[in-house]
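Chemist: If you read the protein sequences in the order shown, they are chains A and B.
The working numbering numbers the first residue of the first sequence as 22 and each following residue consecutively.
The working numbering numbers the first residue of the second sequence as 117 and each following residue consecutively.
These aren't lab readings, by the way, just hints derived from the structure by calculation.
Any given hint could turn out to be false.
[Claimed, not checked] Derived pair list, reagent style SDA-like, types lysine to any residue, alpha-carbon separation capped at 25 Å:
(1) B:Lys-353 to A:Pro-66
(2) A:Lys-151 to B:Ala-276
(3) A:Lys-34 to B:Glu-470
[Said to hold, decoys possible] Taking CB as the label site, the calculated pair distances span:
(4) B:Ile-501 to A:Gly-158: 30 to 36 Å
(5) B:Arg-475 to A:Ile-136: 45 to 51 Å
(6) A:Asp-207 to B:Ile-335: 41 to 47 Å
(7) A:Gln-58 to B:Pro-309: 41 to 47 Å
(8) B:Lys-269 to A:Tyr-127: 24 to 30 Å
(9) B:Ser-366 to A:Asp-86: 40 to 46 Å
(10) A:Gly-67 to B:Ser-497: 30 to 36 Å
(11) A:Glu-168 to B:Gly-545: 50 to 56 Å
(12) A:Glu-168 to B:Pro-153: 55 to 61 Å
Backbone N, C-alpha and C define an ideal beta-carbon position, used for all residues, glycine too.
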Amino acid sequence: MQQKIVIGWLYPKLMNTYGDRGNIIIFQCRCEWRGIQVEIREINPGASVKEIESCDLLFMGGAQDTQQEIVERDLRGSTGKTLCKMIDNGTPTLLVCGGYQFLGSYYVTADGKKIKGLGLLPLYTTNPGKEAKRLVGNIVIRPTLPEFPGEAFVVGFENHGGRTHLEDVSDAFAKVVRGLGNNGEDKTEGIVYKGVIGTYLHGPILSKSPELADYVIQKALFRKYGENVGLKPLDDTYAKEARNALVKKLYGK
Amino acid sequence: MSRVLIPFLKLASFLVQTLRLGSGSTWPGHLALKVDPKFVEHTISHSKTQIVLVVGTNGKTTVSALIQHILESKARRVFRSVEGANLLSGVASTLIKNCTVTGSLPYDFAILEVDENNLSRVLSHVNPTQIVVLNLFRDQLDRYGEVNTIATKWRECLSAHKKKTTLVLNTDDPLVRYLGYKTHHYTSYFALPSQYYEKAALSHDVDSIFCPVCGGALIFKEVAYSHLGQYLCSKCKYTNAKHENIFMKSYPLKGVYNIYNVNAALLSSSMLLDLPVSELYEKVLSFEPAFGRGESITFEGREFVILLSKNPAGFNQSIERVIADSKADYVMLVLNDRVPDGLDVSWIWDVNIEELVKRNLKLTVSGDRADDMAIRVQYSSIPVITSFVVEYSLNECISGLLKKTKTGDVIYILPTYSAMLEVRKILTGSKFI
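With the hints as extra help, turn the sequences into a complete structure.
Modeler: As structure tokens, this is what we get:
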């Protein structure tokens, strides 16, 4: 039976700083290379509930402040409600940077404004102001996801002014090995909540972690078709070389 | 103080260059500013040299070189920025290089490139006759932060610069045109002639689709490339300003991006010389591409064309140039992540590598982050591609290409900045391997 995955790409024109669209390209290729059909559904402001509900996997990238504000406004409408419902139901979701900030309880902007988030993810974010140092640089993390296969390290590049604090640090997606992570203090990176993986890693994150891409794809397939079919292995030599080189350079191992 | 400082700095500058002590092009400038923080204004105030600043993400070197070329063809004495020196220390180094031992600047014009994050700093030390602003694209987000932030900073520092100057602006870039919106400075605009429009829609490397005045959505009637084109704000009607009529039937440099560069230089020069643009067209025809920007280097009989590609907008324009050449065959992609290139390479996923791969061009990938570029190339096609090669050593890469090609063949190289310098060293240096 021909398998098919519908990937909901949230706000592709607005939430697309620095290469995050690469994650969509990677999801698509890795599925098509295994004969799994893919439909990329762009979810723009004003999208219908139906468009979103029939997605098997959701993705949102990061953006500049102006674009983020527009998305926040739209998320207070039906899109946000539908998104919360789907996440509550366990839909596999990858959220990068701003993408996961406003699903939290609140965040305080650079000008000190406290903005209520969607209240879905148990976290809050604060931005200490435009003069404060941004959290920028190459980063090496070790995911604490259950059943996460393959190499233990994930590498990427972070670039954010917001400091995210998790209500419970054990909800973190990963431990920071080298770099700053959620807030530069508690060595947590990102969050895992039901089917959601939230992270600050650009790179894009999936480019040097094919295992993470496959992990999310498999979750989506299992939810849809009810069987844990193994994915045919692909040639990920370059991804592993790139990751190992960066880990060696940053961590020395 | 200058009587001793300048000769010393000139000697230091000379030694650094002759002995090739690394990329020391801005070292003398650093030192000068440490000794005298007002070194730049002190040096300029003793001369009658008019200062022209050239700012923008892409095109500064080409436009500066073009302006110099045009002005010199009309017998003016001109100097421009030392390659790669576009911070305040770079400005200082450029002055040191070109001033006499006694510190005077016997030139009519100085064309100085200014890095987009340093306009404010440079402007607090100089009073330019003209500021040419080319474009504003995402480049090295890890260093500079977001595009909107830079645009706002530019507007603020221009507003704070009380002495009236002339702004030569690209009206097709909504963020650049905004600098001329309700300003006390004189303004003049250049644009892409309507005959050269080809594209149908905005591509995904676009980052400025919102009105800088009111935040409304900008509707593009036509797109030149990236976020440049004919735009209109759906809310406040903000749109392109009226531009000067500048048109050439055939431009001396290829690519839509270069039409903007040439028009910018023509407009700037015509105002500096107080001559009509029509008198300057023929001067531009003899221009040769600047260092690494479409520069053609013959090496072992092959023609290597170097197209500096250091951000999505620039890289996509380089790709357009390559695919417009029906004879294009071998293409080298060289990706580094050193300080001048930006440490983050995520931006390569905003580049349309798919366009290169689609046309079955023979790709060779090299550079410090060759693996990341290899991953990008792999994912640029669903039918699995095998026709690309990764060669970590630049020397091996080039010697490998020599084996595969013959005399007269053209090889395109799309490198980031530090990679471009390395490639040039191999192709023009005396040693090889």
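Chemist: With reference to the structure, classify each hint as holding or not holding.
Modeler: Hints, one by one, checked against the model:
1. About 22 Å separates the Cα atoms of B:Lys-353 and A:Pro-66, which keeps this hinted pair within 25 Å; it holds.
2. Restraint check: the Cα-Cα separation between A:Lys-151 and B:Ala-276 comes to about 20 Å, which is no more than 25 Å; the hinted pair holds.
3. With a C-alpha separation of about 19 Å, the suggested pair A:Lys-34 and B:Glu-470 falls inside the 25 Å cut-off, and the hint holds.
4. As the Cβ distance of B:Ile-501 to A:Gly-158 is approximately 32 Å, the hint placing it in 30 to 36 Å holds.
5. Between B:Arg-475 and A:Ile-136 the beta carbons are some 47 Å apart, a value that agrees with the proposed interval 45 to 51 Å.
6. At roughly 45 Å, the beta carbons of A:Asp-207 and B:Ile-335 sit within the given window of 41 to 47 Å.
7. In this structure, A:Gln-58 and B:Pro-309 meet the distance hint of 41 to 47 Å, their C-beta atoms being roughly 45 Å apart.
8. The supplied range of 24 to 30 Å is met by B:Lys-269 and A:Tyr-127, whose beta-carbon atoms lie about 29 Å from each other.
9. Between B:Ser-366 and A:Asp-86, the C-beta spacing of about 43 Å keeps the proposed range 40 to 46 Å intact.
10. In this structure the supplied range 30 to 36 Å holds for A:Gly-67 paired with B:Ser-497, their Cβ-Cβ distance being about 33 Å.
11. The hinted window of 50 to 56 Å between A:Glu-168 and B:Gly-545 holds, with their beta carbons roughly 53 Å apart.
12. The given range of 55 to 61 Å is respected by A:Glu-168 and B:Pro-153, whose C-beta atoms sit roughly 59 Å from each other.
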